[in-house]
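S.K.: Okay, here's what each chain looks like letter by letter:
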Amino acid sequence: NAGVTQTPKFQVRKTGQSMTLQCAQDMNHNSMYWYRQDPGMGLRLIYYSASEGTTDKGEVPNGYNVSRLNKREFSLRLESAAPSQTSVYFCASRSLAGGPLTNNEQFFGPGTRLTVL
Amino acid sequence: GQQLNQSPQSMFIQEGEDVSMNCTSSSIFNTWLWYKQDPGEGPVLLIALYKAGELTSNGRLTAQFGITRKDSFLNISASIPSDVGIYFCAGQKGANAGKSTFGDGTTLTVKP
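In order, the protein sequences belong to chains X and S. Every letter in the first sequence is one number past the one before it in this note's numbering, and letter 24, counting from 1, is 24. Position in the second sequence (from 1) plus 117 gives the number in this note's numbering.
Quick caveat, the hints were computed from the structure, so don't treat them as lab data. Computed from a predicted model, the values in this text were never measured in an experiment. Backbone N, C-alpha and C fix where the C-beta goes; we use that ideal spot for every residue, glycine too. Some hints here could point you the wrong way.
A few chain S residues that face chain X, going by a derived Cβ cut-off under 8 Å, partial list only [said to hold, decoys possible]: (1) P156; (2) G159; (3) K216.
DSSO-like, lysine-lysine: derived pairs with alpha carbons at most 27 Å apart [what the hints assert, rightly or not]: (4) K9(X) / K187(S); (5) K168(S) / K71(X); (6) K57(X) / K187(S); (7) K228(S) / K210(S); (8) K228(S) / K57(X).
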């Protein structure tokens with residue numbers, strides 16, 4: 001299994017350009033997440049999808065949209081990139097098996113490093 | 118929004134030394150998680166804690182879920198060079214919430 005894969009690994013965009021970050025997981029997980037990580041900071045949740053067909057806003061959703069294309073794929077779109085969106089973006093997935101001792105482990109992809117000029 | 122205060126921000130230690138780091142919050146969490154991130158990679162889960170007072174080990178790593186549910190601690194014993202990286206705490210509310218709030222990380226440097 002490849003786990004969680006993200007494309008591209010690096011990207012440079014000019015202010016105002018659009019950009020789509022792709023994420024796929026082959027672990028048959030129900031939930032998927034998009035985070036951004038800025039220097040010296042932890043990960044902040046942008047959007048998440050608890051199950052196929054549903055998406056919800058996280059902590060910092062402004063300027064982003066998401067699509068849960070199917071159970072495997074969850075994409076993040078920047079319609080009009082801004083320099084403040086320069087960051088490293090991580091996708092994650094989680095099984096969500098249920099029960100009082102649910103395995104809360106999120107498996108993370110390797111990240112996409114986006115620079116907006 | 119919710120905020121986790123993680124300390125120290127960075128640590129420089131000698132190989133073989135023990136390490137302690139902690140995470141505190143003004144609000145209660147039902148699950149505490151500790152991750153490690155190597156350069157250029159995503160975080161990897163080290164330990165998950167589900168009950169107040171719980172003490173869990175994973176090799177040389179030991180983590181505790183604070184009694185107040187507002188804090189957690191991670192200890193690394195007999196550090197080795199491959200322990201270098203950024204350690205993040207994360208808290209979750211609710212049994213199946215799935216959404217994690219992350220601390221800002223502790224950067225660990227181990228000198229051989």
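S.K.: If a hint holds in the structure, say so; if it does not, say that too.
M.R.: Against the structure, the hints come out as follows:
| no. | hint | in the structure |
| --- | --- | --- |
| 1 | P156 | 11 Å, violated |
| 2 | G159 | 3 Å, holds |
| 3 | K216 | 6 Å, holds |
| 4 | K9(X) / K187(S) | 36 Å, violated |
| 5 | K168(S) / K71(X) | 31 Å, violated |
| 6 | K57(X) / K187(S) | 25 Å, holds |
| 7 | K228(S) / K210(S) | 37 Å, violated |
| 8 | K228(S) / K57(X) | 42 Å, violated |
Consistency note: the structure conflicts with the earlier hints numbered 1, 4, 5, 7, 8.
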